[in-house]
Amino acid sequence: MNGNTTGEESSASDLQSGRLSDFAYSSIKEQLTRGVYKPGHKLPIRTVAEMLNVGATPAREAINRLVFEGALVMVGPKTVIVPHLDLLALYEVTQMRLALEGLATEKGAPCATNEVIDKLLALQEKITLSLNEKRYADALHDNKEFHFTIYRLCEMPHLLSTIEALWLRVGASFHDLYPEFAEAKYGVHNHMAAIEGLVDKDPSAVRAAMENDIRDGYRRMKKTAQERLSRK
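The opening position of the sequence shown corresponds to residue 1 in the UniProt record's numbering, with each subsequent residue numbered one higher.
Any given hint could turn out to be false.
To be verified - No more than 25 Å apart at the CA atoms, straight line, and that leaves these computed lysine-lysine pairs for DSS-like:
id, residue 1, residue 2
1, K185, K144
2, K185, K222
3, K201, K119
Please keep in mind that the hints were generated in silico from the structure rather than gathered at the bench.
Taking the hints into account, I'd like the entire structure generated from these sequences.
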């Protein structure tokens, strides 16, 4: 009787630990995808555990999963950082983004309702305000929501999960866009062109606008990566 109880308690404990690990993983993944952390940022297990109010074990398991996926890198026995993408990795991610995000955009654009367009306009208003006030972290947060509001319209879950994985790799590098991207308003122009394409029910125009957004971002991030290499 006591043995069964102990086994049940152990199973319940393992289940709870697994849920906490999944919660920690999802939370850190979302933060990385939205560009909360800059490249080079350290993520100690203790800090992650305290931030998410979980134990050390779930935090460690979540970090290990993200290291395995390439979103984080071990640089010491207890040191994990958000990596810088090198030029080759940045190029590869960008080419995949152009193909997959372009596909999601073109497939989803015909499904855009007036409510979706209103949401995108509201998001872009928030992004523009954040850029004007140099609140770049807030701009990145809403930028991700803008893009995925369009991508989710395609209703292709496997495509979306692959795009999410690409953003997980490149999210931290979005910090390299600023302040130039904010001053030139590249993203603002591209987003407004995408909205205009949705209003006109022109999927090709929406795809072109979103691909231009990716290309403009790539040029800025590539330049920063090259400058970083030249300093070594």
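Problem set entry | Structure versus earlier hints, numbers of those that do not hold, lowest first | Violated hints: none; all satisfied.
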